[in-house]
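> As a plain string of letters, each chain reads:
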Amino acid sequence: MPSLTLLGQSLVSGLFIGGLYGLLGLGLGLSWGLLRLINLSHFALVLLGAYLTYQLAGTAGMNPFLTPLLIVPGFFLLGVVLQWAFDFFRVNEFSSLLVTFGITVVIESVIQWVWTADFRRLETPYATLSVRAGPLFLPVTEMVMLLVATALSLLTWAWLRFTWVGKGMRASVEDPDIAAAFGVSPRRLALLLSGVGAAYAGVAGTFVALVYTLAPSQIYGWIGVVFAVVILGGLGNPLGPLVAGIGIGISESLTMAVAEPSWAPLVSFTLLILVLVLRPDRI
Amino acid sequence: MGLALAAIPALRPPAFVESFLYLVFHWIALATSWTILSGFSGYFSFGHGAFFGAGMYTAATLAVTFGVPFLWTLPAAGVVAALLGVGIGAVVFRVRRLRGELFALLTLAVTFVLATIVLNTRIDGGPGVFLAAVAIPRIFASAASTIYVMGVAVALAAVGAAWIVQGARLGRGLFAIADDEDVAEVLGVPTYRFKLVAFGLSCFLAGVVGGIHAIFVTYVTVAETFSITVPLYVVLMSVLGGARHWLGPAVGATFVTVLTYAFVGGEWAVVGRAVVGLTLIAVILFLPQGLFGLIGRRRPGRSVPAPPAGERTVAAGSGLLSEAATDGSATAQRGPTSRPLVRCEGVRKAFHGVQALAGVDFEIREGEILGLVGPNGSGKSTLVNVISGYYRPDAGRILLDGRDLAHQPGHRIAGLGIARTYQIPRPFPRLTLLDNVTLAGMFGGAALDGGQAEREARRWLDFVGLADRASALPTELNLHQRKFLELARALASGPRLVLLDEVLSGLTPAEIGEALALVREIRRRGATILFIEHIMRAVVDLTDRVVVLNHGQLIAEGRPRDVIRQPEVVAAYLGKAYA
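Chains A and B are the protein sequences, given in the same order.
Residue numbers for the first sequence follow numbering that gives the first Met the number 0, so the first one is 0 and each next one is one higher.
Residue numbers for the second sequence follow numbering that gives the first Met the number 0, so the first one is 0 and each next one is one higher.
Rather than coming from a laboratory, the hints here were simulated on the basis of the structure.
Just so you know, not all the hints are guaranteed correct.
Looking from chain B toward chain A, a few residues come up when the C-beta cut is under 10 Å (computed) [to be verified]: (1) 125; (2) 234; (3) 275.
Please read all numbers here as calculations on a predicted model, not as lab measurements.
All residues carry an ideal CB built from backbone N, CA and C; glycine is no exception.
Please model the complete structure; the sequences and the hints are all you need to start from.
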């Protein structure tokens, strides 16, 4: 049995990585739940955002926390363009999975072409910065990541719940025709939502660059976990992914502490399978 | 052709040529095996890597750890993969919601679970498995030739299996499942069993392919085996070539493999991958049926424009008359009897607390046209769904010849001779009219073989006046033609009881007259009819007896003219003030 300090530390790191899962799941879940599109290229955009942060902060010498100022507007536009294309070609829920798989492969190739398949690591002074709380270390970057994920989830929730745009969005998910009859334009809302989702991918990308070593194949590393997070959290609910993400993050890191690190994927995927088989109505 | 391919090693080509050709056949076999379940039935699996990997590790473990001769490990690899697939399918295929994208995600998750288990147990343990010491059976001069010939053999087996499946009952059923699984079941397709069989066959082939690939790569690792590449490529290849055609995946696999390995070496490999990705996008957007979707569309009926409605009525009428003239003498005039065909006893069904059927008792008598009427939401369609087996009743019995149907699966009920139509027509959208109707003849109570069913189907299409559209797709029909297609499909199964769910709704008065004539003719040929309808004039005109449903309960029963005067019935339709 590992020591209490080790357990506490893995609890903390599970909590923080849960923030990242929540952030990734937020963008994926929005488009799946509200646009009925399964956007696999979300993961590719996250990695693209991470490499852009690496480029801007590492090579051009920008402060990494300022890179989203450049990345987010660009990604917002990219998301809008993608949604326009999906709409133009009448991509449905099922074919979206295949089309965005294709987009993912293309983006992966672009990343590999520009930055090669070698590992890349963004060296910043923030990487080693951490706060001591009793016997535990709290890395600052990851704490900020969790805070940002929480803030964005709450903001999105409030946006969908209290604003007219958000209400129109939820109405057009329930019944696009009726919503359209009441003056909601599902098409324009979808463009906005897709832009926001892509912007979240950009934000997540910055944190991925700050916390992890980058490689193009990392795109596929999170797919399973984040799908589990989105489905466990409940589709279209912006707070769900964060809660489920933290839950999965903690259970993964405890598995790593108690058993071997290589057993960790079993937790999330088994949960995902169980939810799919036992509670398919959630989706 | 197979012999010619197998004879290539005799020409003593350089080893890299044999390796390249092996890879082509490897992907042909893998993509084709995927299509047998996923392409045909529409259950896109993203977990093909799991079954491929199961075969790979089975062969590797048996050969390395237990010293089993390599050729003997291949059937074992197939069987292990097939058992894995059937085990997963036995659970997953029972859950109605797990179709389409959810099935894809689930199978992907299974891949990662399996990878984690293999990595952390003695099957692999982390470092991978070396097969360098495993003796390769010497069929040809070199090891490379032998592996190549094994690759060709399994590819031919896979393509042959796909060809046989597509032409067989299994294939017909799988195509119907892909278009509308619920309708397929109610028409008599044993959907659960068919999916399991197809999954088992698909996984068996993938397992054998994996076993051969283990000896080809000689070094088996978890990261390579269970990577996302296998599902990505098989889906891409099959969709590109045409996942609904037995030869489609082979064409797609050849194309993609050649493209990928044409760019080998250095930075060009990236370009190859990007081209693969772009191809996938382009195919989904512009060619959703794949290359074979373009070629394989034999559609002579397409150029014939739909005749205007007036002409159509005449055509249907004449079809009916000619049938009546030829068959009328042979078939004795049928009419209502007092013998019960189906008896419902205390049938109850609730949805989340709403009691849709609150204990319904009535009988349908052999040879009669029984009208079932009631206001919207009274439970009529639920009753049809319960009798045809789509819903299981919470309580009660539905007896056909004394046999309880209440807990039988839909396809068995269809096999006993109960057919239905849908209020909103649900034809199989990607099958021609002829195939739509033929399917009913093959799987319903009639259980005909393919050729016979097709002849019957043509007869019934003629009967409803759609003979000239036999090779059209249902999407090209207007509403009343689609309603008549529903009728033809129900009739082709040779039913004893036909449940007609609002066949008249949405039709013009002229079309209603045409439809009523058809219903009478159906009864004359010996079928019993449950006729659900809102148009009272039609009910009074047509039916021998009427039962009235309100709030899930039977409130009246009797001769149509008497029933519609009963105060309870008037109250249910118009409110108490009028009763």
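> Sort out which numbered hints this structure fails and list those numbers smallest first.
Per hint list: zero violations.
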